Each structure stands twice: as C-alpha cells, then as structure tokens.
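Each protein sequence line maps, in turn, to chains P and X. Here the working numbering runs 141 ahead of the position in the first sequence, where the first position is 1. Here the working numbering runs 4 ahead of the position in the second sequence, where the first position is 1.
Calculated from the structure, these hints are not laboratory results. Here the structure is a predicted model, which is why all the values come from computation and not from measurement. Glycine residues also receive a C-beta, built at the ideal position from the N, C-alpha and C atoms. Treat the hints with care, as some may be off.
As the list claims (entries may be wrong) - Derived Cβ-Cβ restraints for the label pairs, each shown as a range:
#1 P:Pro216 x X:Leu384: 54 to 62 Å
#2 X:Ala82 x P:Pro328: 55 to 63 Å
#3 P:Ser322 x X:Gly267: 47 to 55 Å
#4 P:Arg204 x X:Ile157: 56 to 64 Å
#5 X:Ser445 x P:Val195: 43 to 51 Å
#6 X:Ala433 x P:Phe273: 43 to 51 Å
#7 P:Leu311 x X:Ala382: 34 to 42 Å
#8 P:Phe194 x X:Ala434: 39 to 47 Å
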Amino acid sequence: MSAISDRNVPSGLPPSDRSRPHAPRQGRRLAFTIDRILSVLIVLPSILAISIFVYGFIAWSVRVSLSAWTKGLIPNYTYSGLTRYIELLSDRRFGIDMRNTAIFTSLFLVVCLIVGLLLAILLDQRLKGEGFFRSIFLFPMALSFIVTGVAWRWLMNPATGTRISGLNLLFDQLGLDFLISRWHTTPPPWGIAFVVIPAVWQMSGFTMAMYLAGLRGISDDLREAARVDGANEFQLYRYIILPQLQSVTLSAVIVLGHTSLKIFDLIVAISQNDIKLDVPAVYMWRTTFDGSNYSRGAAIGIVMLITVAVLIVPYLISSMRSQEAKL
Amino acid sequence: MSKRLIPALLVCMLLLVACGQAATTQAPVEKTEAPAEETEAPVEETEAPGVQVEVFSWWTGGGEAAGLDEMIKVFGAANADIEFVNSAVAGGAGTNARAVLASRLAAGDPPDSWQAHAGQEIIGTYVAGAQIEPLNDLYESEGWMDVLPDTLIPLISEGDNIYSVPVNIHRANVMWYNPTVVADAGVEIPTTWDEFFTACESIEAADKICLSMGEQWTAMHLMEVVLLGELGADAYNGLWDGTTDWGSDEVTAALETFNEVLGHVNSDASTLTWQDAAQLVANGDAAFNIMGDWVDGYFSGDTTGGNLGLVPGEGYGWAPPPGTDGVFQFLSDSFVLASGAPHPDAALAWLKVCGSKEGQEAFNPVKGSICARTDCDADLFNVYLQSAMEDWATDIVVGSLTHGVTANDSFKDEINTALGLFMGDLDVAAFQEALVAACSSAGPCQ
Chain P
142 MSAISDRNVP
152 SGLPPSDRSR
162 PHAPRQGRRL
172 AFTIDRILSV
182 LIVLPSILAI
192 SIFVYGFIAW
202 SVRVSLSAWT
212 KGLIPNYTYS
222 GLTRYIELLS
232 DRRFGIDMRN
242 TAIFTSLFLV
252 VCLIVGLLLA
262 ILLDQRLKGE
272 GFFRSIFLFP
282 MALSFIVTGV
292 AWRWLMNPAT
302 GTRISGLNLL
312 FDQLGLDFLI
322 SRWHTTPPPW
332 GIAFVVIPAV
342 WQMSGFTMAM
352 YLAGLRGISD
362 DLREAARVDG
372 ANEFQLYRYI
382 ILPQLQSVTL
392 SAVIVLGHTS
402 LKIFDLIVAI
412 SQNDIKLDVP
422 AVYMWRTTFD
432 GSNYSRGAAI
442 GIVMLITVAV
452 LIVPYLISSM
462 RSQEAKL
Chain X
5 MSKRLIPALL
15 VCMLLLVACG
25 QAATTQAPVE
35 KTEAPAEETE
45 APVEETEAPG
55 VQVEVFSWWT
65 GGGEAAGLDE
75 MIKVFGAANA
85 DIEFVNSAVA
95 GGAGTNARAV
105 LASRLAAGDP
115 PDSWQAHAGQ
125 EIIGTYVAGA
135 QIEPLNDLYE
145 SEGWMDVLPD
155 TLIPLISEGD
165 NIYSVPVNIH
175 RANVMWYNPT
185 VVADAGVEIP
195 TTWDEFFTAC
205 ESIEAADKIC
215 LSMGEQWTAM
225 HLMEVVLLGE
235 LGADAYNGLW
245 DGTTDWGSDE
255 VTAALETFNE
265 VLGHVNSDAS
275 TLTWQDAAQL
285 VANGDAAFNI
295 MGDWVDGYFS
305 GDTTGGNLGL
315 VPGEGYGWAP
325 PPGTDGVFQF
335 LSDSFVLASG
345 APHPDAALAW
355 LKVCGSKEGQ
365 EAFNPVKGSI
375 CARTDCDADL
385 FNVYLQSAME
395 DWATDIVVGS
405 LTHGVTANDS
415 FKDEINTALG
425 LFMGDLDVAA
435 FQEALVAACS
445 SAGPCQ
C-alpha cells in the first residue's frame, strides 16, 4: 500500500541534502573530478548503446523505407523517395489498420480510465481487505498480452449451437441469451472493439493503481473543508477531487496510449492473422518477414513512430518545462 | 561518496553486461552449432577435407524429427567417414529457422544444405539471391528424372536448372468427409462445385456444417483448391507463370464460386486452427473439410500423441475436391546445395541420400507423407498414403500456393492481404482487382 501511495505523493520538500555533511573535506576537489570522470564513464556506454541501437536503427529504418527493397532477403538500397509512404495512403489494408487503431485506442483509453477511476474510488473508501482487492485488480498486469489474448480468445468463442462455449455458454446457461455475441468476429468495423475487453481487463488495474496513488495524495483537510462548506459526495468528487487528478489522468493517457498505438501481441493472439482485426504493428511484421517487403515494413514502422511521437513529445516538452519551472 | 559509488559502478557494469547479452541474442542463436563444428573440425579436417556436413532444418519435433533421424542413419551407413551436423532450429513452423538462416547467409556463413519448401519459395528467395547451386548433374547421375513425375520438374526449376531435392510429398487437394454425416444427409460425394452446393443444402437441412474451415491460411488453401477445380490444371498453372490473366472472366467465375463456397463454411472459422476445423468433421459436426493430407496423420495417428486414432475409411473418408480429380496439388520439403558450401562433396552425399529410395523410405513412413520418388514400397504406408502414392505416380502434378510452390513470398503475401480484405467485405470485383495488382507488383505479370 505504502509503496504505491507514497510514490506519487506530491511533497513540497526540497531534495534531500543530507549526504553533503558526511563528505570528507580533504580531497574534495579530487573526489569531484574523479566523480565527474566516473559519471561520464558510467553514462558513456548507455549513450553509445542508445545512439546505435535506438537512434541508429531509426535512421536505418528511415533509409530502408526510402529504398526499393521490396522483395527478397538481399538488400536493395536504390533510393525511391517517398513511394512507399504514398503507396500506404492508398493501401486498403493499411486503411483498415488505421481505422482499427483509432477505434481500439479511443475505446481502450476511455474505458480503461473510467474503470480504473471507479475501482480506485471504491478502494479509497478504506474498506476491509483493501490490499486483497488491490492485488486482485493488479494481477492481470502480471500476464503477458499473449497469454491474455489466448485465454480471451477461448472465452470469446463465437461458436453457437451444440459447440457453444466460453462466455456464450455461460450466458446461455444463465438465460441471458441477449448477451450472446459473435465477439471479435463481429463484422467490421466493430470486431476490434471487442478486443478492447481483454486489453481493459489487463490494464485497468494499473490505471486503478495510478489513480489510487493520486487519491491518497489529496489531503483529507481539503475533503473536510469541502464537507464543512456543505458539499455532498458527488460535488466533492466533481469539484475537489477530480480536478486534482488531472496530472494522473495525463500520465495514464500517455502510458496506455502508447501501449495501444503499438499493440501487437494481443492482436496476434486473438486475431490469428485475420485482416479484419489487423493493426499497423501486425502488418509491419507480416509484410517484412512473411512477404520480404522490408521497405514497406520500415515505412509502416516509421509511421507508427510518428504516431506515438505525436502523443509523447508534447508531454515530454511540457514535463521538462514544468521541471525547469520548479528549479 | 566514492564508497557508495564503487558498488553502484559494479551494479551498472553488471547491468550493461546483461543488456549487452540481451542486445546480441542473435549471435548465440546463430552460432548454436558452431562449438560442435569447431571442436571436431580442426582434427578431422587435417586428415581429409570435407569430412562433415552441416544440414539446417526446422525438423525438431514429432514425426519430422524422428524421420530426419532415420534418414541420418541411412546417411551414416553409406558415409561412415562424414560427420553429420544436425543444425535444426525449433519454433514457428520454420519461421525462426528461416530468420536464422537469412542472417547466416547474409554473414556469408551458409550451412552446407538446408530445408526449404520446393518451388518458388526457393527460387524467389535463394535462387534470386544466388545462394544455391543447380543440381542437374546430380539428377542425371542418380537417374532421378526417371523416378520423379515429369510434371514435377518444371515446378522446382528456374529455366532449365533444377535447384532442390524433394524428400517428401504432401497433397494439398484432399476433401475429407465424415461418412456418417454424408450418408445421413443422403448425398453423394460431389465431383463438381454445383453438386457440392446441392449437397450442402441437404447437409445444412440436417443442421450440420457443410464445409469446415479454420483461420486465414486455411482459407487461402481452400481458395487455391477452388481455383484449381474451376480453372483446370493448365489455366491454374498459367496463374503462376503469367499466361493466365488474373483479370479474365474465367478467374472472375472461379472467384464467384469461391465466394459461394465461403457461404457454406462455419461462422467461427477465423477462430479455429486447422486441427479444430478437421476435428469438426471427425466429430460429426461438419460434413467436409478441404485440407492437405497431414489431416490423415491427425485423424489416424495414435491418441497418445494427441491425434484422433480413427480408422481410415471408417471414421473418415477422402476424395479429390470438386473438379480436381486426376490432378495432384503438391507441396514438398526439399534440400538445397549452398553456393560456397564449406563441404560441397559431403553436401552432395547428403543430397544423394535425400533423393534415394532408402532415404525416402526411411523418412516418409515416420513423417506421415509419401515419397517424392514413385518407386517406394507401398507396404510401408497406410491405406490413405497408398492411394496418394498411386495418384502421385499417375496424376498431373501442380503446385500449392499456400505452401510455397507456385508463388514467391512477396506475391503470396500480397495475395494473402487481398484475400483477408475480401473475407471482410466479400467484394469479388475488388478482390480480383487486388489480385491483378498483386500479380503485377510482386508476381509473374511485372
């Protein structure tokens, strides 16, 4: 409990200064330079590794996406400009990918935030066995998306009649026939919406943890003051609590959003190459490694990078600014 | 401060080492077999060059690995002085192995011989990259031209050059059926697609699925069988060498038929594997299933191995799918000779075993496939495989699209995308347009 709730508590204390009095006075200058060299040395390998394995490979992907390497394992770096990107604009499969990503991301974000917030508010009522419930809600996060995908594919079995199984069988037995669904095999474009269910199942616990930490950081004095002023519980949440959770919501949107824009394993496990449920990451992998179209694969990868950057970069800029403001 | 720094430094170094290892996971995979080579090679290579052969495959489990072991025994008996290095890479139905192979080829470190699907998958990938050698001399010296079907040779050649030695043969165009379901519905086994649709009405009236199908690649398998049945062997072959126009009216008609066939498949197809789909027939939920003859191994194999233990001819029956009687749509695992193979003579000795009667008779009964040669002993095989052997020797042989014979990877992937889009909107005209575009961007029409 404290591990979660303490982390995000906004504390007004300045960074701890305790180490300084213990530092030996003699040779302080020397230690300073050694420290400096050591710190550079420590960071250097990471800088090298990141510049090669992240930025170097991004640059190489850009280069491949501008090449004519569309067939076979033998690289063909003939420059062909933006051809691959222009082809993607009229590529029907890529159109479906973008539509699916848009539907998946927006539904996933909205449902995950709502469910996570509700769970957090419920847990914040200081119930008995709070730790137990918190663990239960968090457990799905310990699974990989592949496992979640396979299990939910079984649960969301669309078969009917004598072969009915999974959730449909449950609904059938309970007499809730109106809930029986074709799930993710629902005709496009709404099949992908059902894939949001396992994604929310897995990630809403995480969202709950973030909100719970945020809620615990709100001083009880504020709640008391609001109550004294005659606010009811709804007004308390609407006007006092929720506005203070904005930064938590923003962080959650960033984390969930970039997961969802890059989603691959969950889709692979559930869709089994069904193009109706295709997303850019799956198309990228298939066209590159099954179809040996490295150039198109690289172009899709770059488009995905840009999509995620559109989400992340403003956040990074604003958080850097706010840090500078604090200093 | 520095007291605290040193442990911190150590931790960082450890992390870096760990990260470094993670970043270079490719390397250990590539070199899995290297220690075996290096420990033996220096000693033996001084005695006589070419005393080992490295063979690369994805046969690591089940009947495939057992079959390979049998073939290695045959090889060892004939070539006691050559050490056999089995570089099999597990996982992903060959996807992992092909990725490892690609990186080894890129690094100029080819194994002597490797496994690949016969046909355009080899030609489009390895012949195009000049990574394998033609084997015409071997075919002549071993007399393989006489024991392989005539119609097979052009499918595994580029121009006049033959590039691979097929070890086993699977048949793609088989229609499996449940004799009870078919009898209860009172229908004959259909021989044309029109008869098939009539039969479906009776079967569906009895509340059974007419044709079971699984995930997307099984839909592609079904599509190629329908194309073959509707176009006939010649026009079907023409699709892959550019002589049949993908935009022609006959292709339109065949695609319309395929569209109608899809109307008779189970609604949960996209969630089933090929085993699930075949099992619908075995369990009596569905009447027909069109799938390659690995289904026979699944139906008749021992139940302890996860198979169904059915009796061929009683628990299940088989027939050529409508319109494909007298045509054998094949796929095959083959071995090739690397350009710049480290041990070319030993590699040739291995390929001789792959193409020999002894080698194929050792491998195929265990794997559950038939010999590529037409002179294998039929008594070694079960009743289904015997019927397949007869057809293999006499039928017209055409290649399978789904299993790498007729189209290179790029063309196949484009067709797969077009098919996937079609499964979403069932728009035949758009489908055909996409196929024409695929043929001109990645296929023989360019």
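Hints, verified against the model:
{"no.": "1", "hint": "P:Pro216 x X:Leu384: 54 to 62 Å", "verdict": "46 Å, violated"}
{"no.": "2", "hint": "X:Ala82 x P:Pro328: 55 to 63 Å", "verdict": "59 Å, holds"}
{"no.": "3", "hint": "P:Ser322 x X:Gly267: 47 to 55 Å", "verdict": "22 Å, violated"}
{"no.": "4", "hint": "P:Arg204 x X:Ile157: 56 to 64 Å", "verdict": "41 Å, violated"}
{"no.": "5", "hint": "X:Ser445 x P:Val195: 43 to 51 Å", "verdict": "32 Å, violated"}
{"no.": "6", "hint": "X:Ala433 x P:Phe273: 43 to 51 Å", "verdict": "59 Å, violated"}
{"no.": "7", "hint": "P:Leu311 x X:Ala382: 34 to 42 Å", "verdict": "51 Å, violated"}
{"no.": "8", "hint": "P:Phe194 x X:Ala434: 39 to 47 Å", "verdict": "42 Å, holds"}
Comparing the model with each numbered hint stated earlier shows that hints 1, 3, 4, 5, 6 and 7 do not hold.
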